Amino acid sequence: MAKELIRMIKITLLLYVICSIAYTFFIWGVGKVFFPFQAGGSIIYKNSKPIGSMLIGEKFTSPYIFNGRPSYAGNGYNGTESSGSNYAPTNGKYIAIEKKLIDKFLIENPTVNKGNVPVDIVTGSGSGLGPYISIAAALDQVPRISKLTGIKEKTLRKLVIDHISGRQFGIFGTPGLNTDKLNLMLAEILKVKNKKLFKKVFSGLAG
Amino acid sequence: MTFTGVLQIIAVLLIMVLAAVPLSKYLAHIFKYEPTFLDKLINPFENLTFRFLNIKKEEEMTWTTYLKIGLVINFLMLAVVFLILRFQNYLPFNQMHYPGIPWALDFNTAISFITNTNWQNYGGEEVMSNFSQMALVFLQFTSAATGLVFAVAFIRGIVRHEAKYVGNFYTDFIKAIYRIFIPLSVIFAIIMLSQGVPQTFTMQKKVVNMTGTKQTLSVGPVASMVSIENFGTNGGGFYDANAAQPYENPNPFTNALTIFMMGTIPIALFFMYGIMIDDKKHAWTLFWVASTLLVICIAVIYSQEAHGNPFLAHLGANVTATKYNPGGNMEGKQEHIGIAQTSFFAAATTAFTTGNVDSAHDSFMPLSGMILLAEMMLNLIFGGKGVGLLNMLTMVIIGVFIAGLMVGRTPEFLGKKIGAKEVTLATLAMFAHAFIILVPFGIALSTAGGLAGIFNPGPHGLSEVLYAFTSSVANNGSAFAGLDGNTVFYNVILGFTLFFGRYIPIICQVAIAGALIKKKRIPESAGTFPEHGFLFYSVVLGTIILIGALTFFPALALGPIAEHFAMVKGHLFY
Chain A
-13 MAKELIRMIK ITLLLYVICS IAYTFFIWGV GKVFFPFQAG GSIIYKNSKP
37 IGSMLIGEKF TSPYIFNGRP SYAGNGYNGT ESSGSNYAPT NGKYIAIEKK
87 LIDKFLIENP TVNKGNVPVD IVTGSGSGLG PYISIAAALD QVPRISKLTG
137 IKEKTLRKLV IDHISGRQFG IFGTPGLNTD KLNLMLAEIL KVKNKKLFKK
187 VFSGLAG
Chain B
159 MTFTGVLQII AVLLIMVLAA VPLSKYLAHI FKYEPTFLDK LINPFENLTF
209 RFLNIKKEEE MTWTTYLKIG LVINFLMLAV VFLILRFQNY LPFNQMHYPG
259 IPWALDFNTA ISFITNTNWQ NYGGEEVMSN FSQMALVFLQ FTSAATGLVF
309 AVAFIRGIVR HEAKYVGNFY TDFIKAIYRI FIPLSVIFAI IMLSQGVPQT
359 FTMQKKVVNM TGTKQTLSVG PVASMVSIEN FGTNGGGFYD ANAAQPYENP
409 NPFTNALTIF MMGTIPIALF FMYGIMIDDK KHAWTLFWVA STLLVICIAV
459 IYSQEAHGNP FLAHLGANVT ATKYNPGGNM EGKQEHIGIA QTSFFAAATT
509 AFTTGNVDSA HDSFMPLSGM ILLAEMMLNL IFGGKGVGLL NMLTMVIIGV
559 FIAGLMVGRT PEFLGKKIGA KEVTLATLAM FAHAFIILVP FGIALSTAGG
609 LAGIFNPGPH GLSEVLYAFT SSVANNGSAF AGLDGNTVFY NVILGFTLFF
659 GRYIPIICQV AIAGALIKKK RIPESAGTFP EHGFLFYSVV LGTIILIGAL
709 TFFPALALGP IAEHFAMVKG HLFY
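Just so you know, the sequences run in chain order A and B.
Number 133 in the working numbering belongs to position 147 of the first sequence; there are no gaps in the numbering.
So the working numbering is basically just the index in the second sequence, starting at one, shifted up by 158.
Everything labelled a hint here was simulated from the structure, so no lab data went into it.
It should be emphasised that the depicted structure is a prediction, and the values quoted were computed from it without experimental measurement.
It is possible that some hints are incorrect.
20 Å max Cα-Cα, derived DMTMM-like pairs, lysine to aspartate or glutamate [as the list claims (entries may be wrong)]:
#, chain 1, residue 1, chain 2, residue 2
1, B, Lys190, B, Glu217
2, B, Lys214, A, Glu(-10)
3, B, Lys190, B, Glu284
4, B, Lys190, B, Asp436
5, B, Lys676, B, Glu217
6, B, Lys575, B, Asp436
7, A, Lys32, A, Glu139
8, A, Lys(-11), B, Asp197
9, A, Lys35, A, Glu174
10, B, Lys226, A, Asp148
11, B, Lys439, B, Glu320
12, A, Lys185, A, Glu174
13, B, Lys678, B, Asp437
14, A, Lys140, A, Glu174
15, A, Lys79, B, Asp642
16, B, Lys439, B, Glu218
17, B, Lys678, B, Glu284
18, A, Lys(-11), B, Glu320
19, A, Lys(-4), B, Glu570
20, B, Lys481, A, Asp89
21, B, Lys183, B, Asp197
22, A, Lys177, A, Glu139
23, B, Lys677, B, Glu284
24, B, Lys215, A, Asp148
25, B, Lys677, B, Glu218
26, B, Lys322, B, Glu218
27, A, Lys(-11), B, Asp437
28, A, Lys100, A, Asp89
29, B, Lys676, B, Glu570
30, A, Lys(-4), B, Glu204
Based on the provided sequences and hints, a complete structural model is requested.
Structure representation (structure tokens):
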């Protein structure tokens, strides 16, 4: 029996070393050699400063730029506290919050009719860190951004249409827009068009 | 529901079944100890391991020895991981100086991972050091292998007759890990890595966003965890939001790939069973039983989620899908993954009892939530590693017993007479599953500690508690995550339900194998009930639905069904 127990302890420790340590380090090594960018979290740099990951949503609430979805990750897009709202569809408190969000969207974007608010822009994503919004949600914000920044609606609409991430391999997913990428492009246009406003809105990119 | 939505689901399902066929042949070769194409690569490591452990790999064990060794090894592994988490503050890869995991949470978590459940009462990125996460990965390999080899022992119990031995636990266990889980995990971890899943020993990266907002990003050895968490049908993710966190599941392709990882081995196990018992028609019939249930579940969830929340439509949101607007119930879902794939993912994670989530199940429509609960209550729609097949076969034994009673013949199962002992054990396994869900559920609802964790009001709150016990006993691990389970009450009670929910049915099932293996094989006669074809399909499906419905319908009526009718009437809960 003691012999059997020693064997069981040996197999436990051996498999621990293989499955926990060796395996993790092996994949880490592969990442280091072949996919260093992805392995580090796909972090991009501007002016040699890290500005974030295109995979993780950022908190865009300024009216001058494309706003993202509401986030329940910490106090909004907190990269260390991923979470959805977990509200049930019949929770009265949730419906009250939704009423506020829908009304706010309608006031901020007066060209949108009641009944036509894209459902994704007033609901939280599963992690609170998703950067994507629907095409409708992006297009609906164009008149507001145009009015506030002075960039032509036509230019902004083209920007949106050009940056749609379509279905992968033509089949997987739902078309939408990555707000990180979209706003980064918007920053490029604003930088040329209105340097002062650019510095105000995109302070992370200025300087 | 859209055309492309349905197409995405059918495409992935089809690819899974097509991949499962060759995989099942490979699995059957492994457990029949026949040569495979990976022998040249893996034999040296395997032989070294057998020598190190001083195991004679052909030496076979009786079912009691097989079971005992398996269970003791499980408990040893449980202890190792419990200690690592408890003392993570003294261990490496903890740049954030996270303290040791409190005992109650640790008790829950270690049991949760050794039982292949991966119920998580914590947010990984908030409390676990990278070293602890890696320790959990160890259990993701071993718990999957444990379930798988017990299913193999059961199959041998059917195949062999007038015999004593069911195989060598060590041999099967090592082969499962070396030849199935490690190769698949390595390949798919690298694919996931290439898609943007991080793999680093850093814990956090600080950045200043383009708008000047400071943001901290949690990273770590995620890719290595993501592949085994799905291939092992574990489901315990690196992050709190699991596969809803873009780092775990960056795009729709990885989402489809995750579904593939979850489902392919469980489906292949049904086919492997067919090869090992040399009755493919029988296995295919069981495959159609499970597939029927899976397709119904996907269809209900997808239609409910695509229909959306009537309250939001009333307030002015557009929940109808158009070219530019996804529509549907988007609360807790990722926009680019979309309603179709999210619904499929949810149905798959509860069918294959993985428990990985790419959305907030708590925010699903009431009837979708009911389907998720039902899938875990049945726990045999392909199911988790090994145990899904075991549960299906348990149900088959009960099914042929009932059919036998109806025609007045001694029930037979694959040429063996089913006696009182087998039926008793099968009933016990099934009864234990229901008992361990419903009794603690009742206790939780009648104590302050249980009620304190509820997040959403009304019948949905009841569903949250029901979901917690169902998920833990079914060793699923997904949650209605609004429920605050990180209390001493829930950590302890769920710890016990996880434990008994896993091991009691397994012990019963391996005991059935022990009883079957001794039996004589009786030749087929004109009166033998066919174990394939439409009649058999109907008997098994009918048994599953009848027994499932009778056992769990009352609980479902009080939770999701009540919530659905309240919603239709326009009633909100406060």
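For each hint, the structure was consulted:
1. The suggested pairing of B/Lys190 with B/Glu217 holds, with an alpha-carbon distance near 14 Å, which does not exceed 20 Å.
2. Of the supplied pair hints, the one linking B/Lys214 and A/Glu(-10) holds, its CA atoms being roughly 13 Å apart against a limit of 20 Å.
3. Taken as a hint, the B/Lys190 and B/Glu284 pair is broken in the structure, with Cα atoms around 44 Å apart against an allowance of 20 Å.
4. A threshold of 20 Å between alpha carbons decides the hint, and for B/Lys190 with B/Asp436 the separation of about 12 Å falls inside it, so the pair holds.
5. At roughly 18 Å between alpha-carbon atoms, B/Lys676 and B/Glu217 fall within 20 Å of each other, so this suggested pair holds.
6. Distance restraint check for B/Lys575 and B/Asp436: the Cα-Cα separation of roughly 18 Å lies within the 20 Å cut-off, and the hinted pair is therefore satisfied.
7. About 27 Å separates the Cα atoms of A/Lys32 and A/Glu139, which puts this hinted pair outside 20 Å; it is violated.
8. In summary, the hint linking A/Lys(-11) to B/Asp197 is not supported, as the alpha carbons are separated by about 30 Å, beyond the 20 Å threshold.
9. Between A/Lys35 and A/Glu174 the CA atoms are separated by roughly 17 Å; this keeps the pair inside 20 Å, and the hint holds.
10. Restraint check for B/Lys226 and A/Asp148: the C-alpha separation of about 62 Å exceeds 20 Å, so the hint is violated.
11. The straight-line distance between the Cα atoms of B/Lys439 and B/Glu320 is roughly 24 Å, outside the 20 Å bound, and the hint therefore fails.
12. Note on A/Lys185 and A/Glu174: the hinted pairing holds, with a Cα-Cα distance of about 11 Å set against a maximum of 20 Å.
13. Under the criterion of a C-alpha separation no larger than 20 Å, the hint pairing B/Lys678 with B/Asp437 is consistent with the structure, at around 18 Å.
14. About 16 Å separates the Cα atoms of A/Lys140 and A/Glu174, which keeps this hinted pair within 20 Å; it holds.
15. Of the supplied pair hints, the one linking A/Lys79 and B/Asp642 holds, its CA atoms being roughly 18 Å apart against a limit of 20 Å.
16. With a C-alpha separation of about 29 Å, the suggested pair B/Lys439 and B/Glu218 falls outside the 20 Å cut-off, and the hint is violated.
17. Of the pairs offered as hints, the one joining B/Lys678 and B/Glu284 is violated, with about 57 Å between alpha carbons and a cut-off of 20 Å exceeded.
18. For a cut-off of 20 Å, the pair hint linking A/Lys(-11) to B/Glu320 is broken: about 30 Å separates their Cα positions.
19. Restraint check: the Cα-Cα separation between A/Lys(-4) and B/Glu570 comes to about 42 Å, which exceeds 20 Å; the hinted pair is violated.
20. For a cut-off of 20 Å, the pair hint linking B/Lys481 to A/Asp89 is broken: about 24 Å separates their Cα positions.
21. Restraint check for B/Lys183 and B/Asp197: the C-alpha separation of about 15 Å stays at or below 20 Å, so the hint holds.
22. Of the pairs offered as hints, the one joining A/Lys177 and A/Glu139 holds, with about 17 Å between alpha carbons and a cut-off of 20 Å not exceeded.
23. For the hint linking B/Lys677 to B/Glu284, the alpha-carbon distance of about 54 Å lies beyond 20 Å, and the restraint is violated.
24. Note on B/Lys215 and A/Asp148: the hinted pairing is violated, with a Cα-Cα distance of about 61 Å set against a maximum of 20 Å.
25. In summary, the hint linking B/Lys677 to B/Glu218 is supported, as the alpha carbons are separated by about 18 Å, within the 20 Å threshold.
26. Simply put, B/Lys322 and B/Glu218 have alpha-carbon atoms about 9 Å apart, close enough for the 20 Å limit, and the pair holds.
27. For the proposed pair A/Lys(-11) and B/Asp437, the alpha carbon gap of about 40 Å is over 20 Å, so the pair is violated.
28. As the CA atoms of A/Lys100 and A/Asp89 are separated by approximately 9 Å, the hinted pair is consistent with the 20 Å bound.
29. With a C-alpha separation of about 15 Å, the suggested pairing of B/Lys676 with B/Glu570 holds against the 20 Å cut-off.
30. For the hint pairing A/Lys(-4) with B/Glu204, the CA-to-CA distance comes to about 15 Å; that is within 20 Å, so the pair holds.
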